[in-house]
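Enquirer: Sequence lines, in order, name chains V and B. Residues 1 to 160, numbered by this note's numbering, are exactly what the first sequence covers, in order. Residues 1 to 115, numbered by this note's numbering, are exactly what the second sequence covers, in order.
If you're looking for bench data, these hints aren't it; they were derived computationally from the structure. Some clues are possibly wrong.
Here chain V is said to cover these stretches of chain B; the calculated rule only asks that three of the stretch's residues, wherever they fall, bring their Cβ under 8 Å from a Cβ of chain V [what the hints assert, rightly or not]:
id, stretch
1, 4-10
2, 17-30
3, 34-43
4, 56-63
Even glycine gets a Cβ: it sits at the ideal position worked out from N, Cα and C.
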Amino acid sequence: MGQADQRHKSALSPTTDEMKLVFPARPMAVRQALQASMTGLARLNLTVDEQGIIEIVLAEVLNNVVEHAYAHHKKGVIELRVKRMSDSLNFTVLDDGVPFPKGNLPAHPSHTLAGPVEDLPEGGFGWSLIRDLTKDLHYVRSDVRNRLDFSIALADTRIS
Amino acid sequence: MELAHTDTAEARVITVGEHRIDAAIAISFKDRMRELTDGGPNRVIVDMTQVDFIDSSGLGAIVAALKQVGPDKSFELAGLSGTVQKVFKLTRMDTVFTIHPAIDIALGGPVADVG
């Protein structure tokens, strides 16, 4: 596979409906991958709101892989695939880290904000954001690999 | 970590010079906020105008900063961009924080005075 082919696949264009990014599972690499993802989606007619949703969801999913799946693995790699559908984008995130506890996605946390300030939660927001902003969220562990699929609905999926 | 501060007669304004408050900088953000809110005026306003993006780790760091400040000081936010506002709203943290549309409004508006 030539380099031109690789570049071609890191962005959605009128001639390709799929893109793929592979990057190290580290916080700064995730930051760069988010930037690359948004650049790769630049030719879609996304609203500012949709761009925000996509970036929030990807940040939560990818950072979760870094912090949990690869918590004790410094050289982990993450693969992100995006496929353009008629009314949504379908995302697949693959990693070779440890599986989710008990093989399932975390339950919807029900944190309360009603108590005193010192009891406010400082975490646990990630999965509620992911669940609120995606549909068809599905996790499967096969052999040594985690696979998370989800989609994000879009008003207009045309490419310019 | 780009955090600058200036003190007015009544408030310490902390200006976030980062475009992102995310997992990559959440811990250093929290630590630096602790230094900047330790001492100084009793009203702290964090100007977030330059922040385009925040993730749940960054949000956690801001909640931690609120908790560090303690009950004797007011800890407020100003100038939340669209995506940052969205994260606050979805997590309902917009109901926990005092949020001003912009820093000049925060400074020019009426100050809650219980004394």
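Enquirer: So, for every hint listed, does it hold in this structure?
Expert: Here is how each hint holds up against the structure:
no., hint, in the structure
1, 4-10, "violated (count 0)"
2, 17-30, "holds (count 4)"
3, 34-43, "violated (count 0)"
4, 56-63, "holds (count 6)"
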